[in-house]
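A.B. asks: Assemble the complex: chain A is given as a structure, and chain B must be docked to it using the hints.
Chains as they are written, first to last, in the numbering used here: chain A, 1 to 769; chain B, 1 to 507.
What the hints contain is simulated information worked out from the structure, not anything from laboratory work. Keep in mind the model is a prediction, meaning the values are calculated, not measured. There could be a bad hint or two in this list.
In the PhoX-like style, the derived pairs of lysine-lysine whose C-alpha atoms are separated by at most 25 Å in a straight line are [what the hints assert, rightly or not]:
no., chain 1, residue 1, chain 2, residue 2
1, A, 156, B, 428
2, A, 760, B, 26
3, A, 762, B, 349
4, A, 726, A, 713
Chain B stretches covered by chain A per the calculated footprint, using a threshold of three residues with CB under 8 Å from any CB of chain A [said to hold, decoys possible]:
no., stretch
5, 94-100
6, 124-135
7, 139-149
8, 214-225
9, 407-419
10, 441-454
11, 477-488
Computed Cβ-Cβ distance ranges for the label pairs, DEER-style [claimed, not checked]:
no., chain 1, residue 1, chain 2, residue 2, range
12, B, 202, A, 730, 51 to 57 Å
13, B, 198, A, 686, 23 to 29 Å
14, B, 445, A, 433, 51 to 57 Å
15, B, 460, A, 529, 54 to 60 Å
16, A, 730, B, 478, 33 to 39 Å
17, A, 590, B, 478, 42 to 48 Å
18, A, 564, B, 26, 42 to 48 Å
19, B, 63, A, 682, 48 to 54 Å
20, A, 523, B, 435, 35 to 41 Å
21, A, 537, B, 445, 39 to 45 Å
22, B, 365, A, 622, 48 to 54 Å
23, B, 460, A, 575, 36 to 42 Å
Even for Gly, the Cβ is constructed at its ideal location relative to N, Cα and C.
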Amino acid sequence: MLIAVLAGLFVSVLLIPLGRLFKGRLAVLISLLPTSLFAYFASFIPTIANGEAISFHYPWVPSLGVDFHFRLDGLSLLFSLLITGIGSLVFLYASSYLKGHRYLDRFYAYLSLFMASMLGLVLADNVLLLFIFWELTSISSFFLIGFNNEDANSRKSSLTALAVTGGGGFLLMAGLILMGHLSGTYAIQEMLNASSFLKAHPWYPAILALIFAGAFTKSAQFPFHFWLPGAMKAPTPISAYLHSATMVKAGVYLLARLYPILGGTEYWTYPLIVVGGITMFYGAFHSIFRTDLKSILAYSTISALGILVFLIGIGTEQALLAAAVFILVHALYKASLFLTTGVLDHETGTREITQLGGLRKVLLPLAIAGLLAALSSAGLPFTFGFIGKDQIYEATLHTEGIMPIVLTSLAVITNILLLYAGLLVGLKPFAGKLPERYQAVHLPHWLMWTPPLLLALMGIAFGAFPALIDASLLNPAATAMINETFDSPLKLWHGFNLVLLLSGITLALGALLYLMRKPSSKSMASIERFNYLAPQYIFGKLARAVRRFAARYTRTLHNGFLRVYLFRIIMFAVLLLGFRLFTGGPIQWIPAHLSPISVYEVAVLGILIAAIFLTVNTSSRLTAVVATSVIGYCICLLFVFYSAPDLAMTQFTIDTLTVVLFVLVLFRLPPFLNLANRRDRIRDWLLASSFGAIIALITIQAMNQPFDDAVSKFYGENAYVLAKGKNVVNVILVDFRGIDTMFEVVVLSIAAIGVVSLLKLKLKASEKE
Amino acid sequence: MTDNTLILSVIIHLFTAIVLLALWRKTVAQRIISVVGSVVAMVIAIRLFTAVWDNGILTMQAAGWDAPFGITFVADVFSSTMVLLTSFSGIAVSIYSATGVARGRMLYGYFPILHLLLMGLNGAFLTGDIFNLYVWFEVIIIASFVLMTLGGRRAQIEGSVKYMAMNVLASTFFLTGIGILYGITGTLNMADLSLKIAALENRKLVDIVSIFFIVGFGIKSAVFPLYFWLPSSYHTPPSAVAAIFGGLLTKVGIYALFRVFTLIFIPDEFLRTLLVVLAIFTILTGSFGAVIKNNIRRVFSYLIVCHIGFMVGGLGMYSEIAITGALFYLIHDMMVKTNIFLIAGLIRKLRGTMNMDKLGGLYAEYPLLSLVVALVLFSLVGIPPLSGFWPKIYLFEAGFMDAQYPLLVAIIIGSFVTLYVIAKLWAKVFWKNQPTLPAEENYTDEFKPMSAFRKSLLVVPIVFLMAIALYIGLAAENVALVAKHIARDMKDMTPYIEAVLGTNVSP
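One chain only, chain A, in its complex shape (with noise of 0.2 Å):
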């Protein structure tokens, strides 16, 4: 299994240095990965049928609780299944989309990788394991997205995609470890047990609301949803892949994934009803403005996940039955309707409906995949959609209170709105006249063709024959979100009843809009008027102002004067400082611990400030600088008094060396400009003054602690008798702390260099570092 998750990304790896060996028509080799991975999860159908779960199990990091824990289960296999099979289509249909394109080694090693994600995603049993698979996906995507790196909106686009999917990752990371933390395990299948206990705590809801950001961002609910338009720029078959089929489903199947969990109250169920039922119909209503064939995809994607999570809100046995067919009746209809427009889009160079038509002429095969997607997405009978749309409106009335009219009419309006979207990609560019210019256009490739024909075809099987997949597939699949065994066969026809009645009237009246209604440029025009409104626009316009602010921010702390730094630098030491001093107990203040003063040290004392003025109130660099060395040798002269002239002499060096390394760099420097004024004089005096202040009397605090001697009498006692010398100071500096002196040595030759190099060595401004 972990070879199975793994094996894209060895793929990818192996691609780095192989890669030019599969530019050409060797592409297509690499579509073994897929299929044969599709084999694999294939054959696990009867044992996961029999309602059995397989678990593996390798360490990782275990001091995390982060190991390789993947479960195969119904709802991991529906999804491992999708992720391969259209995988494999993708990957054959891209060695033909893509074919001789420069980066066409790269565009299969990010997808590779990103099947490796996914699977990895829909396979873990540990919520940090499944969150690395999701950002790695994200991931894929900016990269899937920007592949057409060399257009502006590509770039833009996949930048805002990364933001919206991984902002989301990270509060999603938030919200699954507060989980693990609570529950005490990463580990869902654990976290089953703790599932009441959860449900209970008063971070429930927050966690549902970090988990709910997660999921909503990336399956592109409202008002995340804007990202997933823009990731059109992507090449059709990765939309169809990534964005249609697969990676945007990753925040359904995490709903899904944890429902057993977390799923079933108010909490869970009212904002996922409101967020799904709120983007279902938004999106589905955007669909019919679009002309852009790939557009009315991406927003009728959106409208699809909005049911899917809606579905999921509603949460009966009923729901999660539909949402699990929904997920493959979608799948298998949007990505043949992106598999053929990504062939209309290769062949005329346009994807504009209204450009487009007649069609079926030239491209016969495709106009039958067309077709038959459309059909099943209308959910005519005898399609896939059919067997689906019946379930949503079974989902939907099965619930309680006035619920049942409101989320029925809801659902029976968007889903007019989407069958209106279905026949207009499916249907409209094959209908009609065909115009002149397109005489010319022939049938490509047959793998660009039939992967999409393929795809409607079995659309059209599965509904014909529900048999074919319900016990085997989508049974399990619900039985694991529901955690509990049950059996609901599909049927294709349950007789004269309601759900009947509100099949054919959406069918009737989105049949009767695809009549009535042509798509123009100025149905888009319309729509546009509305876009100060647009969650997209007013996620720009905040983010524009944090920059705003932020750089407002920037400028005023970081503004470039070094006085300034240090002005903030001493105000934060004395607030705390002083916070400390003036807290917490009294100030002592015993004159008698204090030495008596000689006349030297007044006298130094008297040149020290008189320097210390001077330096502050010069006008000149220079002056300033030598007055600062006055200031250091009246330091220096005050450790003579304290009996350490040894001590004194070293100062007396380094100040010398220091100061001429300070005149060196200053005399670099635009002359000197006296900029405070009198106000700022003052408040620097006071900063000043009251540091000063408050150090004395900490000073002064610490004299009244009764010094403990035991290190010093040691030093005292023991220069003569054991380090035979008998100037104390010198031994303490050559002897027992000789390392101190060893490497104040070093710090002396190291500016000894530096006066060196600075006064020597001049690089110009164009010489390279």
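C.D. replies: Showing chain B alone in chain A's frame:
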């Protein structure tokens, strides 16, 4: 256990530097010696790490004066890990410098000072004496200052004045703190200080003194509102130097914070809250700065600030999990930050600029290199399962455990901004076509005409550090064990104290 060879990590760089000084102006020989020195240093560091990991804490009493009378050097898992990581960065920068640094700089002592800087770093990590730590800080400051000014360009000088002024201020705070600390305890040995401070009755004084260390190390590690020196200076020196700075300099500050505030001062409620608040602002400040900058190195500089907040936040939460997370982050950060500055330097070699608007087309022209860079950048962002991802799990867990929601929000914002900024950088520098520049800015690729050997000198270090980052990400378990071990040591200092002072610690 006493093991005097632990000082070899310091001596090797001193020795290398002396040899290099003897080879003054012989730049070819210097390059070779520098790389050889770094390789030997790495071998020593690996040996030290395994010895400590297997046998526990090693100590050396300098000049044979027993603690607390002499200066003690201590290698525990924390310091030996830091030494090990420093040796990785060191070797990478040493190799990279061979072609990445102008010959003019080598003529004026670039290599010896680089090794003295590395020596200072190792010294700081290994010392068990607070004043000796100050001495190492001096070595680090002066060496980094000289490296920063070396070349004497105007921007360099301006940046280094700010750098020097604020770092000297940091040292002043640090030194004042040491002075008072000595005044109230009469000792400088950190293990001894740990005991004496714990026994001191005047808690107020202890609380006051701890502030000096917060401010001093806070400046060093570029914590808000003390970070100003970093974005003022990191974009000025050559990239090899910026790499050492970005990867290691702020991290010494972080090291010192962690060491002093787990061994000597145990933060009280106020300090912990303070650290968390500072961490939040540090993350936000770094994020805001990174969002608006357009020069690669400036963006990276602000990202350093941002990520410092993650570690300080971990220290502020102070639980074992939080500290583990912060340490894991530290390990990841040192390897990745060094590398991104090397990458910035390489980009400059390719295109002559670091301005993102003027860059482009690297993805088409250098696909393999782009892949390497992408892996490094994604490690930085923490795209799972790369290195930056794992520590966040600890930090999130700790945040929830400790109910530190504002900090969690800040970490999420910081992570998001990092992701966005890096993706933007990728799109602009790698994906976008090379924009046409006005004639006066025309630049010929310095990299292309180089011999394969010289090219590899630039690329191998980047790949080497990338491989380490990949190891941190993919073999996260091993790193997690190290981080956990260190965090446990920090929670129970008895082994450290006993190793330094002998076994006579009364409970």
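A.B. asks: None of the hints should be skipped; say for each whether it holds.
C.D. replies: Now for the hints, and whether the structure bears them out:
1. Annotation: proposed proximity of residue 156 of chain A to residue 428 of chain B holds, straight-line Cα distance about 10 Å (limit 25 Å).
2. With a C-alpha separation of about 17 Å, the suggested pair residue 760 of chain A and residue 26 of chain B falls inside the 25 Å cut-off, and the hint holds.
3. For a cut-off of 25 Å, the pair hint linking residue 762 of chain A to residue 349 of chain B stands: about 20 Å separates their Cα positions.
4. For the hint pairing residue 726 of chain A with residue 713 of chain A, the CA-to-CA distance comes to about 15 Å; that is within 25 Å, so the pair holds.
5. Residues of the stretch 94-100 of chain B lying with their CB closer than 8 Å to a CB of chain A number 1, which falls below the three-residue condition for coverage.
6. Closer than 8 Å: that is the beta-carbon criterion, and the stretch 124-135 of chain B has 3 residues meeting it against chain A, so the requirement of 3 holds.
7. Note: the stretch 139-149 of chain B has 6 residues with beta-carbon separation from chain A under 8 Å; the three-residue rule is met and the coverage holds.
8. Check on the stretch 214-225 of chain B: 4 of its residues sit with their Cβ under 8 Å from a Cβ of chain A, so the three-residue criterion for coverage holds.
9. Only residues whose C-beta sits within less than 8 Å of a C-beta in chain A count toward coverage, and the stretch 407-419 of chain B has 5 of them, enough to reach three; the restraint holds.
10. As drawn, the stretch 441-454 of chain B meets chain A at 1 residues by the rule of a beta-carbon pair under 8 Å; below three, the given contact is violated.
11. A count of 4 residues in the stretch 477-488 of chain B with a Cβ less than 8 Å from any Cβ of chain A is obtained; the coverage claim is therefore met, three being the minimum.
12. Here the CB-CB span from residue 202 of chain B to residue 730 of chain A is close to 33 Å, at odds with the stated 51 to 57 Å.
13. Hint check: residue 198 of chain B to residue 686 of chain A, Cβ distance near 38 Å, so the stated range 23 to 29 Å is violated.
14. Taken as a hint, the range 51 to 57 Å holds for the pair residue 445 of chain B and residue 433 of chain A, whose Cβ atoms sit roughly 56 Å apart.
15. Judged by the Cβ atoms, the range 54 to 60 Å given for residue 460 of chain B and residue 529 of chain A holds: they are separated by roughly 58 Å.
16. Between residue 730 of chain A and residue 478 of chain B, the C-beta spacing of about 49 Å breaks the proposed range 33 to 39 Å.
17. Range check, residue 590 of chain A to residue 478 of chain B: Cβ separation about 56 Å, and the 42 to 48 Å hint is violated.
18. At roughly 45 Å, the beta carbons of residue 564 of chain A and residue 26 of chain B sit within the given window of 42 to 48 Å.
19. Roughly 52 Å separates the CB atoms of residue 63 of chain B and residue 682 of chain A, a value that falls within the hinted 48 to 54 Å.
20. The hint said 35 to 41 Å for the Cβ distance between residue 523 of chain A and residue 435 of chain B, and at roughly 38 Å that hint holds.
21. Separated by about 41 Å at the C-beta atoms, residue 537 of chain A and residue 445 of chain B satisfy the suggested range of 39 to 45 Å.
22. A C-beta distance of roughly 51 Å is found between residue 365 of chain B and residue 622 of chain A, which places it inside the suggested range of 48 to 54 Å.
23. Checked against the hint of 36 to 42 Å, the C-beta distance between residue 460 of chain B and residue 575 of chain A comes to roughly 48 Å, which is inconsistent with it.
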